[in-house]
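Kindly produce the complete structure, drawing on both the sequences and the hints.
Going line by line, the protein sequences match chains S and W.
First residue of the first sequence: 0, per numbering that gives the first Met the number 0; consecutive thereafter.
First residue of the second sequence: 0, per numbering that gives the first Met the number 0; consecutive thereafter.
In short, the hints are calculated from the structure, not lab data.
Check before you lean on any hint, since a few could be wrong.
[Stated by the list, open to error] Straight-line Cα separation of at most 20 Å, SDA-like style, residue types lysine to any residue; simulated pairs:
(1) S:Lys-284 with S:Arg-86
(2) S:Lys-53 with S:His-152
(3) S:Lys-40 with W:Arg-74
(4) S:Lys-40 with W:Met-157
(5) S:Lys-53 with S:Gly-90
(6) S:Lys-40 with W:Gly-45
(7) W:Lys-134 with S:His-120
(8) S:Lys-40 with W:Ser-5
(9) S:Lys-53 with W:Pro-122
(10) W:Lys-134 with W:Thr-156
(11) S:Lys-53 with W:Phe-6
(12) S:Lys-97 with W:Arg-74
(13) W:Lys-134 with W:Ser-43
(14) S:Lys-40 with W:Ser-43
(15) S:Lys-40 with W:Val-12
(16) S:Lys-40 with W:Arg-34
(17) S:Lys-97 with W:Arg-34
(18) S:Lys-53 with W:Leu-42
(19) S:Lys-53 with S:Pro-9
(20) S:Lys-40 with S:Ser-5
(21) S:Lys-53 with W:Arg-32
(22) S:Lys-97 with S:Gln-77
(23) S:Lys-284 with S:Glu-237
(24) W:Lys-134 with S:Gly-84
(25) W:Lys-134 with W:Pro-122
(26) S:Lys-131 with S:His-152
(27) S:Lys-284 with S:Gly-84
(28) S:Lys-53 with W:Gly-73
(29) S:Lys-131 with S:Arg-81
Computed from a predicted structure; not experimentally measured.
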Amino acid sequence: MIPSLSIHTPRTLAEAVEMLDGWGPDAALYAGGTELVVLLKYGLAVYEHLIDLKSLPELQSIEVEDGNASIGAVATYQDLLRHSGLRRQWGELSRMIKQQGNPRVWAAGTLGGNLSFAEPHSDPATLLISWKAELECAGAAGVRRVPVEDFIHGPLQTDLGPSEVITRIILVRQGVRSGTGFQRLSMLERPTANAAVSLGTDGNGRVQRATAVVGAVGPSATRVTDAEEIMVDTTVNELAERAEHIAVVVSESVEPLEDGHGSADYKRHLAGELTRRALLEALAKLGNSGS
Amino acid sequence: MLSQRSFALETLVNGRPYALEVGANELLLDVLRNRLGLTATKLSCGIEICGACTVLLDGRPVSACCTLAWEARGRHVETAEGLAAAGRLHPLQRAFVDHFALQCGYCTPGMLMALRALLDEEPQPTEQQIRESLKGNICRCTGYQAIIKATLAAAETMSSAGGRV
Numbered sequence: 000m001i002p003s004l005s006i007h008t009p010r011t012l013a014e015a016v017e018m019l020d021g022w023g024p025d026a027a028l029y030a031g032g033t034e035l036v037v038l039l040k041y042g043l044a045v046y047e048h049l050i051d052l053k054s055l056p057e058l059q060s061i062e063v064e065d066g067n068a069s070i071g072a073v074a075t076y077q078d079l080l081r082h083s084g085l086r087r088q089w090g091e092l093s094r095m096i097k098q099q100g101n102p103r104v105w106a107a108g109t110l111g112g113n114l115s116f117a118e119p120h121s122d123p124a125t126l127l128i129s130w131k132a133e134l135e136c137a138g139a140a141g142v143r144r145v146p147v148e149d150f151i152h153g154p155l156q157t158d159l160g161p162s163e164v165i166t167r168i169i170l171v172r173q174g175v176r177s178g179t180g181f182q183r184l185s186m187l188e189r190p191t192a193n194a195a196v197s198l199g200t201d202g203n204g205r206v207q208r209a210t211a212v213v214g215a216v217g218p219s220a221t222r223v224t225d226a227e228e229i230m231v232d233t234t235v236n237e238l239a240e241r242a243e244h245i246a247v248v249v250s251e252s253v254e255p256l257e258d259g260h261g262s263a264d265y266k267r268h269l270a271g272e273l274t275r276r277a278l279l280e281a282l283a284k285l286g287n288s289g290s
Numbered sequence: 000m001l002s003q004r005s006f007a008l009e010t011l012v013n014g015r016p017y018a019l020e021v022g023a024n025e026l027l028l029d030v031l032r033n034r035l036g037l038t039a040t041k042l043s044c045g046i047e048i049c050g051a052c053t054v055l056l057d058g059r060p061v062s063a064c065c066t067l068a069w070e071a072r073g074r075h076v077e078t079a080e081g082l083a084a085a086g087r088l089h090p091l092q093r094a095f096v097d098h099f100a101l102q103c104g105y106c107t108p109g110m111l112m113a114l115r116a117l118l119d120e121e122p123q124p125t126e127q128q129i130r131e132s133l134k135g136n137i138c139r140c141t142g143y144q145a146i147i148k149a150t151l152a153a154a155e156t157m158s159s160a161g162g163r164v
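Right, dumping it as structure tokens:
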């Protein structure tokens, strides 16, 4: 039984921020509730006030223009799956969503909720960081942008201020000659390990930019810069040949936590192997994009 | 601005309007089972993983055990009780019986509602689409094959009946 509480429907974003400011730790932002309601049910969190962000349409819209995307923090995963522009131009986002959770989670869950909860065993941050995605956050001090990479500090810890609301997730177009791979392994409800690799090349098949991110194995999704350094300034053929070596570099770089999902050694192995597969997937997609 | 510990819930459940005073802290599953006596929807894992509590909210499948009754305001809630019409089983229910797609029956109401949502969206689903839509519905008894066969059979029945039965 959830203890008695009040639910509030702010008419504007400013009102939501005011409510947060006024009630402080006694209030929680509420959208899909896929994490929050479970916490409330089992007494893992106690709040006097829930601020229902679903009453704010500006937090739900999805805009895709010139390849850039601005996703409302309270748009549901289902909204994202149904958006044809997102499906076409940011296809890995749909693939990532469909591999996590289930149709009921997609119907209610949101990226804003997922990112602000910052559960380490999670998929969205890994993919978003590989795209260098940013979050728009609104608070008493105004609006700011923060890269997803800098937003998540650790398990259940984020950069979000006490009176701040994530309003939008911003994806900047990756370029004509780009490819992204996302791989994950899950035995329990949440992922044990995941990896995302995003590559961009010039007209001669030379890699100009590369991001490699491993998530779920440690406190937060992290870029593996040792691997990225090897990926940049090679040709796509050379890179394919280096995939095994990159897997080793990744497995030696990551700092996994032992838990019910597996030992540190096992997670190192997964991190390397999933990165290798994500890399090959990204290379294959580059091939299709006409580089 | 609505700000309250309890509120007047006006909702449609299986096509029937209800108005009741509900706590902001009440769960949809509890309102359905304990306040409205609609006990087809089951409590099982309680953490929105198993799907036994699947109901449709404006056509979308949700976990009633982890959905606040607040979300039902002005919406249409559909449960397994609403599947049969005028004493006749819904084609999904008929197919479940015919294809032995249930044993203990505990997961069944949730399965049926998840499949109802699928067939509304995709009247002629592939086996892959059926499997994907049942991703979050656990059955310990049947091994799922019969459930998939039943769904394919129901889809066939419904399409030859003109899509709506």
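message: Tell me the numbers of any earlier hints that the structure contravenes, in ascending order.
response: 2, 3, 4, 5, 9, 10, 12, 15, 17, 18, 21, 24 and 29
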